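Chains as they are written, first to last, in our numbering: chain A, 1306 to 1537; chain B, 2 to 615.
These are computed hints drawn from the structure, not numbers from a lab.
Please note that a few of the clues may not be correct.
Have a look at the derived ranges for each label pair, beta carbon to beta carbon [claimed, not checked]: (1) B:Arg377 to A:Ile1390: 38 to 46 Å; (2) B:Cys600 to A:Lys1393: 54 to 62 Å; (3) A:Asn1348 to B:Leu482: 52 to 60 Å; (4) B:Glu89 to A:Pro1403: 27 to 35 Å; (5) B:Leu482 to A:Lys1393: 40 to 48 Å; (6) B:Pro131 to A:Asp1492: 53 to 61 Å; (7) B:Asp572 to A:Asp1382: 54 to 62 Å; (8) A:Gln1396 to B:Glu427: 41 to 49 Å; (9) B:Asp126 to A:Gln1396: 54 to 62 Å.
Since we're looking at a predicted model, the values are computed, not measured.
Beta carbons are placed, not taken as given, at the ideal position from N, Cα and C, and that holds for glycine.
Take a look at the letters that make up each chain.
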Amino acid sequence: MILRVKFNKKNYLKYIGHLDLLRLFQRTFNRAEIPVKYSEGFNPHPKFSIANPLSLGIESEEEYMDIDLVEKINTEDFIKRMNHILPKDIQILDAIYPDDEKSISAKLSWALYEIRFDIEKDLSLDEVKSILENWLNSGEIMISRLRKKGKRKVMKEEDIRPLIQMIQVKEKADNEVTIESVMRVGDGGNLRPFDFVDALGNNIELGMDVDSASLIRKALYIENGERLDKPI
Amino acid sequence: MINKKKLDKILNKVEKPARYIGMEQNSVIKDLNNVKVKFAFCFPDVYEVGMSHLGLHILYNLINNEKDYACERVFSPWVDMEELMRKENIPLYTLENKEEVKNFDFLGFTLQYEMSYTNILNVLDLSGIPFLSKDRTDEDPLIIAGGPCAYNPEPIADMIDIIVLGEGEEVTLELLDKYKEYKENGWDKETFLRDIASIKGIYIPKFYQIKYKEDGTIDEMIPLVDEAPRVIEKRMVRDLDTMYSPETMIVPYIETIHDRVVLEIFRGCTHGCRFCQAGMLYRPIREKSTSRLMELAEKLVQSTGYEDVSLSSLSTCDYSQLQLLVSSLMGEFGDRNVGVSLPSLRLDSFSIDILKEIEKVRKSGLTFAPEAGSQRLRDVINKGVNEEDLVNAVTYAFNEGWSRIKLYFMIGLPTETDEDVLGIKELSYLVKDLFFDRPKEERRGNFSVTASASCFVPKPFTPFQWVKQESIDEFRRKAYLVKDNIRDNKVTFNYHDAELSYVEAIFARGDRKLSKVLINAWEKGARFDGWSEHFSFDLWLEAFEDMGIDGEFYALRQRNMDEVFPWDFIDIGVSKKYLYKEYQKAIAGELTNDCRLKCTGCGIQDCAMRGVFN
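Full structure from sequences and hints, please.
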């Protein structure tokens, strides 16, 4: 019995890594007496998985996980019991029993991020917009990243442009710019948001202070033809 | 409160930022404006180490249980964090309210090992608090310290205002109550310190002057005020069942060294191993009852969600009701996916039935501590185990499916010969033979034996407090003697850094003259000296040289019977006479029995032990 759960991760708790988050949920299931299925074998562990792990240092408004339950439980009761124990900056927002068998990880293919950063140059909102538009329309956006090649790690050039669906400039207050961007996640291509930030930092016209960037994942989507749908 | 935006900026750049954010489950965040006493508790090492310390969980909950008091945590920032904090001008802050440490009433340090002393200085510096008591004003927090190293507090006596000797469950609240009283009725630091100087277990270093002899040893320790007693008795809680015990623990987000429920089952130890400081300091033995432990275990498991309960004590198998306790725990938690683990097993009391009971636990490695390679030397240190005990224990472990064995030893023990040292190799090979002599079809797992040797450091309040430490060259020669004689890829030999043990030995038995060396070493950049990657021996040698202090005087000098030690003003209950008698017996290779069998006359008053045992 799969229970699909939506939760958030805010403020300082963005500094909790993926494995630590798994342990937090595991202990919370224990305390809240959630009937989670355990794996067989020598070292049994609870069966649940978080879709598309968030990078350390990024907040999120909507994360998802699938929990394998021994028996069906009331979802409202589940949310109440979990939230009572979970820290206030990680809370369950919703829970459903999905109709299909496909795991949540396999379904997700796009993520919406909000990115705030400082710029060093004195640019108007319109100037920022046109810089970003030109950046997206300039063809390739190359980054270099370490890739495993057998046992060795080698630097590899990579074009991330196909992984960016859109960028929207939301706001500019003093020298702080807020943008939103939809990027690829999952097996069909994955753009790490910090790679995006680094790439944007290479744009000389923008003059971005890369260290000042703060990121929030606002949503994760399933691609449904032309439409992007939220899982819950 | 510190600037959170600045903090956020640096947290993005450091390794394991969760070390610095607090917010864990069961942490307590009070409104600091609404409490009367603010206590910052510092474990002067990195978060993961400090959070594994049971004493922290006890004192944290003890203090926070009181409505008027708040206890918040501080750890040593790792070097990357320190660098950024200094660069961005962020003062050291507590994890709970992100409040500057210097705005607290108390800053308390737990002294777990000597090599953390430079971290204490670093914490003070990052907090903007002067190092020396005499340089601090009424505006600065009172610096208070306790823990095992407080039993020779003299190397840091100039930096600490109040030292607590012994168990903190009772005296901590007595102290805070007194402080609150003073704060409400007119604060004067000097009067307050004088007042508390007469509380049992409290030592105020600045009320004493040390007179030295020409040869550098101590002539006399002179109290400077009437309230300061000549002898200070340690604090000890009589009844562990009625004593405050935490019913919850903070659950860290990141993995720590001991990430589990820690259930303290008793205090003290009756074996009388002659190298062991804890065995002397924490006498007499006192147990918690099984019913109380079951009650605490239930509450701790419920409030933490941990899946492992670890029984904690100096020698777990000595608990008089261990069989009952373990089967009760397994009965209660077995179906709830909660396991039980037993650290600190001794070879002699290795109980087959009990290990069978907890068979559910993973059969990873088993650790035994013969401490010395030969029977002769084990008799010298009064480690009452023999080769037969090891053979029995290891054979049993192999039968039950364990395949990786770790053996702990010390080198440089008093009277040690090369033959004793080579005994480390002999025992390791014996363990290997026990595995491979078994029929092939009964061998399970991938066998390995790891022998680790630490360098013996003579500690205060042990029968070996008079002996000189082995020289660094001799430690090395002996380590290589073992290493060069082991030629088997199933047998691994590790040894500890002799240079680090030498510096540790200096501070373990040091006096007040060492405080300037500490400050000098810190100025030269010493931090995290207990971490071999940060320890720099050359730096320490320079610091000793620059301050005109001879380290060998403290580490390598054999003491006379009648020498006055820097820690002699502390009464731990065990008499110096008894310790000396034990020392003489050690040299003669004579054993002293476990005092549960027959009182050995250590000097502990109205010892409750005989009532509990037999």
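Hints violated by the structure (numbers, ascending):
1, 3, 4, 5, 8, 9
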